[in-house]
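**Q** If you want the building blocks of each chain, they are given just below.
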Amino acid sequence: MADLQTISRKNELPLKGENTSLFLQIIISIAIFIFAITLSGVLSMNSMISNWNKSILGSITVQIIPIPDSNKEKVQTQLLAYEEKAVEFLKSVNGIIKVTPLNDEQLDNLLRPWLGDDVSISDLPAPRIIDVKLAKDANIDFDQLREDLSQASPQASLDNHKIWLNKLIALTDGLNLIATTILTLVIAITSGAIFYTTQMSMGLHKDIIEILHIIGAKDTYIAQQYAKRMGFLGLIGGIFGLIFAIPAIFFIGNLANSIKGGIISEATLGINDWLYILILPLFSMSISMMTAYYTVKNTLKKML
Amino acid sequence: MANNTKNIIEMQNVGIRYDKGPEILSDINLSLPKGSFHFLTGQSGAGKTSLLSLMYLKQKPSRGQLSVFGHNINFTDRDQMAVLRRQIGVVFQDFHLIEHLSAFDNVALPLRVAGMNEYEIKKRVTELLTWVELDSHMNKKTSTLSGGEKQRIAIARAVINRPDLLLADEPTGNVDNIIAGKLMKLFVELNKLGTTVVIATHSDKIIHDFAYPRLHLQNKGLHIYYPSDTSMLRGING
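Going down the list, the sequences are from chains A and B. Those letters in the first sequence? Residues 1 to 304, per the working numbering, in order. Those letters in the second sequence? Residues 305 to 542, per the working numbering, in order.
Hints in this document: simulated from the structure, not taken from any laboratory. Here a beta-carbon is modelled for each residue, glycine too, at the ideal position from N, C-alpha and C. Among the hints, a few may not be true.
What the hints assert, rightly or not - Among chain A residues calculated to face chain B with C-beta under 10 Å, some are:
id	residue
1	13
2	53
3	203
4	208
Using the sequences and the hints given, assemble the complete structure.
**A** Dropping the structure here:
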């Protein structure tokens, strides 16, 4: 790889005027566009999991399920009574540092994205919700807590979100695998295009390569000229791909954000994520350079 | 590494064939001492270019042993081969110039490949182009030059790095007698300075004007004629 750092001063091979340059740049642009979109998807999914994990870690939710009855007032009174018992019990548990029953307004806000503005929580047999914060070093047996809670408040149901989160992680793992496959294919297609373009070009310039060979040029000398040219095409192609990808990423992000209250709106790109996306042209440049370099080296080995 | 070697080129039972065809040269045994001057002769198709291509390491022999500057090329890696080639200047019948480059850049090529600094390159190339009377064409692309001018550029390129071995395939074929004489004088001068020279030629005049031994290819074999005893065939292959 040290050889790649020393790029020759003169280009004896007339690689600039080749017809395949535009074709290669278009291929690389498309590859980087797909790569950037897929990568942004992977990164935002990971940030979504991370955000959910952070918000869920150290908290549990308790629901007080209403008992169906035609008398709404009775249902509400029972609910509040069970909620009070549950709160009282939870406050007594070691490791629980904060117990916050959500008020009607908070419950309204939670359900509004799903039910719309016209429906009020008081019109529905909706459960009461208690947000419970745990101490950092809390060592709680959730099965035991669930059992004790149901005895203290029979309509209470405890959720530590693990099942839901694990399902979400399984989903994102699957999506990550698909994304990784896409990224691998994109790299393979780009490398393949560079490989064949380089070989085609070497065939075209066989006479010059032979002259360079005869006057004592090492394989590295010839490979560097190809690496330099293909690296440039990779960089330009990558920049164009990114120019098209960035608005597309913003567009998809805006669509995701418009789904308020949903899990997708948690999928955002941080500064580091954007850095990964913005250096993609350098990545395409490196891939192009390395592919061209080793293609030339291997092809020349077949000569004397 | 070449300077300490008695024989610049040694061939033992060398044969050349292309693909699966018959051998075009068989059982070639040859030792070219350092500082020697030889003409290479033979009818068209006798294998002169093939023999030269072995000498400038374009190809390996199909069989037998070939040593160049003391290196058995069967045991020489690619990078070492490239370094060996830098000590060999080659003048081709069809020039082998890079057409889109200027005369200057073509002549500078061996020096650039060897990694010489641009200041020294400019000095050496300008000096040599002036000597071959092409300094006024320095920045012209070689595609715009005449055959004779191209030949002089090719010769300048071959000698620019003061090679230990100079191989020329019909170097005077495209130039007039005056230039041909001047080029031969250059080869002789280089030989006096220690360069081993092999010139493939059809020109009887040159062979007779310059009394050097002749490597003659005939019937797939190599024979040597010495100028002092031209009637006697002292063929290495018998």
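**Q** When the structure is checked against the list of hints, which entries are broken? Sort them ascending.
**A** 2 and 3
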